[in-house]
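Given chain A's structure and the hints, the job is docking chain B with the ligands onto it.
Same order as they appear, the protein sequences are chains A and B.
Per the working numbering, the first sequence starts with residue 88, numbered consecutively.
Per the working numbering, the second sequence starts with residue 10, numbered consecutively.
There may be inaccurate statements among the hints.
As the list claims (entries may be wrong) - When the alpha-carbon atoms are kept at most 35 Å apart in a straight line, the in silico DSBU-like pairs for lysine-lysine are as follows:
1) B:K394 with A:K232
2) A:K182 with B:K229
3) A:K248 with A:K229
4) A:K325 with B:K394
5) B:K394 with A:K141
6) A:K229 with B:K394
7) B:K24 with A:K248
8) B:K394 with A:K248
9) A:K141 with A:K229
10) B:K79 with B:K229
11) A:K229 with B:K79
It should be emphasised that the hints constitute simulated quantities derived from the structure, not laboratory data.
It should be emphasised that the depicted structure is a prediction, and the values quoted were computed from it without experimental measurement.
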Amino acid sequence: MTTLLAQPDAITFDRRVDTAALRGIAVRCVGVTKTYGSGQSAVMALRGIDLEVKTGELLMLVGPSGCGKTTLISIIAGILDYDQGECAVLGQDPKRMSARELTRLRGANVGFVFQAYNLIPTLNAAENSAIPLLLNGVPRAKAVKRAREMLGRVGLADRWKSLPAQLSGGQQQRVAITRALVHEPRLIVCDEPTAALDHETGGRVMELLRAVALDEGRALVIVTHDPRIFGFADRIAKMDDGRITSINEGRHEDRSTARGAGGTSDGLTGLLSK
Amino acid sequence: MSFVALRMLIGDRLKYLALVAGLAFAGLLVTQQSSIFTGYASRMGVWIRETAENDLWVMDPQVQYSDDIKPITDTMLYRVRGVEGVRWAAPMYKGFLPARLPDGTITTVRVVGLDDATLTGGPARMVEGALADLRQDRAMIVHVRQAADGLRLKSGMPGEGPRPLRVGDEVSINDNSLRVTGVFDASDEFFWDPVVYTTYSRALSIAPRTRKLSTFVLVKTAEGADVKDVARRIEASTGMRAMTPGQFDRLTMWFLLTRTGILVNFGITVALGVVIGVLASAQTFFSFIVENTRHFATIKAMGGSDWTITRMILLQVLVVGGVGYGIGLGLAAVTGQFFAGGGLAFRMPWQIPVLGAVSVLGCCMFAGMISAFRVFRLQPAAVFKA
Ligand SMILES: Nc1ncnc2c1ncn2[C@@H]1O[C@H](COP(=O)(O)OP(=O)(O)OP(=O)(O)O)[C@@H](O)[C@H]1O
Ligand SMILES: [Mg+2]
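Just chain A, with the same shape it has in the complex (with noise of 0.2 Å):
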């Protein structure tokens, strides 16, 4: 089966990561902080978290409206700065980088899942998808070729020249984790990923995430209010005020599924295989 689908040519590019020296550990805070704004109308989202994400498990981050989930994935996904504490974001602290570093450390290493899905209206599902590779220098025709082999892996083969709008919402954020995918990144960060969806097309999204996102060198942080996808987690991360109350280990039976099958390091390759 392997032998009939030809290893995709290798798209490489400088992910500035030492993947090696992370020990599997893709996320560590100690004692985190941030304010929006100052003064009377000050804010303070997050009051002293500590938090590891490991490489190859999916986090879930819970906990009421208000609470400070979006603000510390913003964090962990180093497109917002802390206040205190320190943040090592696959193995580098956002806080000693200048904006630049930063910026090609998460256009190489992180994939976003967003719950209003993001894509841009005029550009069709395969060009959509092959953002982030064009943002790390990719050729567009390589990247679009790219995007569109990712885009047959969630079930889209037939859909890559439909416009967004043409999709419905489920397909729509099939896209979305394709153009999380389609670099290959260390992290993917996603927020309400089912928000927006019916409990079905919610469920199978989430089970398409766990078994094309996951894999051993990866870690997945999932912001959620959605209880009924708390079994997808490897563990699951409390929240309230600006803390983390608890975590439990998730329900989710059958984490060497998940586990990147064959132990490649190509996830992909693997789910493929079998």
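Showing chain B with the ligands alone in chain A's frame:
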């Protein structure tokens, strides 16, 4: 990312067309209004420019523009001829005189009298007859378009109906009967009173008798002589004013622009056109970026640097600005050509498209940069805001 930038721009046909239309409107306003202004301004000195044989115009020091008639004595000609560096000097009469057309229509004409011997300063393009025909008895020549306009026989000859004045017609100027012997062509002037040419001596004979009769002395300087030096010497020895055609042209244009209020009125119109056009384009582009802020924020979060965003926005500005401005410029040129037939003063020297492009594209760039700064200041974390 350039194709992403272009797709964002062009992908939504309707919005793209609205953008292009806004910028086309801006380009049209800016270039059309400036061209009309330039057209009028350049008509002001056209008579001076087309009286092309002389290097200097000598006139009363108080003359303020080409049709500001301040008579000088006709002996001035000989004094000018005596100045060192003058190769030749020819007299010219110019005056406003009443004319009665053969059908009884009465109008005012500007009579220009040319040196009898040389006919210096006459029109360069004859449509019918020859300039030399002015030496015939009672001869005068008329302008081809004015013959059908200001000199039109509106009442018409008995049994004929209205028609243009033509060769052979008799015109009574200041109660002296002259005969049309030819028709010349010259560029349209800012002034409207018809110009008729005749000889200098005939012009003096039909003009009211006064002590001072001449108007200008046209001077050609000797080969190798410095025109400015000769002018200074003429002024010193005659007390007259001696100007190069360029100086006289600019004096005329400036006087008319400032004294008629054209500069202020038209200036306001042009400025409004420019401001409205440029604001329209800036606003159109600005709102385009604002509408796309979410996408730029997403690109930023996914690893797009500020420089990447800047390049995308600049490309969008150049494409939409170039296309829109190009269409506007084209429309300005086409409408200019179209209405020029109806007498619209329209002149578009290369500076207008260039300056128009600089102002329209520059303002789009400016708007683009302001909107880019909004994107720069945007925390990439804003992408998670629904
Ligand atoms: N840009 C901001 N400026 C000021 N306050 C903010 C900003 N973003 C978030 N906050 C505040 O910080 C707190 C945490 O917000 P955050 O968005 O992280 O919560 P959340 O857990 O994601 O909530 P939800 O479940 O509603 O999305 C809230 O009180 C919010 O009002
Ligand atoms: Mg949130």
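Right, here's what the structure says about each hint:
no., hint, in the structure
1, B:K394 with A:K232, "holds, 31 Å"
2, A:K182 with B:K229, "violated, 80 Å"
3, A:K248 with A:K229, "holds, 16 Å"
4, A:K325 with B:K394, "holds, 21 Å"
5, B:K394 with A:K141, "holds, 26 Å"
6, A:K229 with B:K394, "holds, 32 Å"
7, B:K24 with A:K248, "holds, 22 Å"
8, B:K394 with A:K248, "holds, 28 Å"
9, A:K141 with A:K229, "holds, 32 Å"
10, B:K79 with B:K229, "holds, 22 Å"
11, A:K229 with B:K79, "violated, 81 Å"
Hints 2 and 11, counting from the list given before, are not met by this structure.
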